[in-house]
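S.K.: Here is what each chain is made of, one letter per residue.
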Amino acid sequence: MILQAGASSCFSSILPGPISCSNRQSSSLRTSNFISIRDRNGRTGEFHDLHKELVPYAEAWKWQKDIVAEKKTLIETNQDCPDTLIVLQHHPVYTLGMGSSLEHLNFDMDDAPFDVYRTERGGEVTYHGPGQLVMYPIVNLRNHKMDIHWYLRALEEVIIRVLSSAFSIEASRVDGLTGVWFGDQKLAAIGVKVSRWIAYHGVALNVTTDLAPFESIVPCGIKDRRVGSIKSLLGLDDDTQLIETAYKSLIKEFSEVFDLGIDQIAYSSILDKD
Amino acid sequence: MASRLLWASRAASLLRISVPYRGFASVIKDLKYAESHEWVKVDGNSATVGITDHAQDHLGDVVYVELPELGTEVTQGNSFGAVESVKATSDINSPVSGKVVEVNEELNGSPALVNTSPYKEGWIIKVELKDAGELNNLKDADAYSKFCDEEDAKH
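Those sequence lines, one after another, are chains D and R.
Converting from the first sequence to my numbering requires adding 158 to each position, the first position being numbered 1.
Converting from the second sequence to my numbering requires adding 35 to each position, the first position being numbered 1.
No lab work stands behind these hints, which were simulated from the structure alone.
Hints may be right or wrong, so weigh each one.
[Unchecked claim] In silico EDC-like pairs for lysine to aspartate or glutamate, Cα to Cα no more than 20 angstroms straight-line:
hint, chain 1, residue 1, chain 2, residue 2
1, D, 223, R, 101
2, R, 189, D, 417
3, D, 303, R, 70
4, D, 220, R, 126
5, D, 230, R, 126
6, D, 230, R, 70
7, D, 223, D, 278
8, D, 303, R, 126
9, D, 303, R, 92
10, D, 303, R, 184
Bear in mind the structure is a predicted one, so any value in this text is a computation, not a measurement.
Given only the sequences and the hints, what does the whole structure look like? Please build it.
M.R.: This is the structure:
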């Protein structure tokens, strides 16, 4: 189901665990599947479509930080600083937020089933892996609202709309528990970092994710709730189309909620890619 | 000829999920303020730094504060740490340049002090000032209050 990426042999669906890649490979991340997005003031941004690829966490993390540094320079030199969106999947990995407690790991760090990264984002521990669509919007909040609460609610809105329009799942927010829920199951986790009003890290939506790795952690530090996926909720055996359907809906809803236009030619080529 | 760009509908108006804001944040005279919402209290060559009432109000409950190491050099306008609330971490920028000589360890166990007492018990770092002249780049209490009102009016 996960196709081998043509752009780089760095990405693979077969090998578990970390895959070491030379630094040279990160430049290929940038040139692959680049689509331009335009906001209502005519600023062009970048949309990187890696939704069919498993990207090593370290690579994606460094890439985000590079993009944030570029954007900061644009702002410091008073230039327009448009938004960037990256959509991808990760190899199995656990990530911690800046202040995450290790108590929420049900394993010793020396004996971890997968790589564990402590990052600068907010939120507690979570799992990323194949079948989960990860969205990294690198957004200049000056282009939208300089309000972190608004931004989190907007990210939740994107996912809620995807679940409703593409899957007829009526998901919701829970006051005080950032993320997107269906009953007591979390379908999408959110954790961001804001630096000089540039937001990065983002959202992880469980589409066909194997949920077993969540049992080795207390997901997001919340003990009395569960994690779900679109596949588990719909009870489907054949999940081959779910990622595609979720991805297409994600792009559409993200562009609506954040008022960004995606070049029509490029968007229709996404729709045709079946 | 149809436009080549597919413009998204103005959904932003649907998202007027505004966060309740009580509209009045306190400032303390005699402190200096940065536009990134940090305050500094100068005492001779020593400066105490924290975030303002306006900032903590907008952040919501602070659940974690990332403190710098003692001895770290800080530069006016640059990040020296971060606060976390609502699953988002935000940089804290230093309003002055100098060396970190003390950090508020209380924040490790009680990060909410930043919310309950942003100008007193919620102080974050103490800095040995490098250049007192830099204080001229900061705002006084009235100018900062006005700046906050203008910033909020834009939302």
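S.K.: Taking the numbered hints from earlier one at a time, note which ones the structure violates and give those numbers from smallest to largest.
M.R.: none
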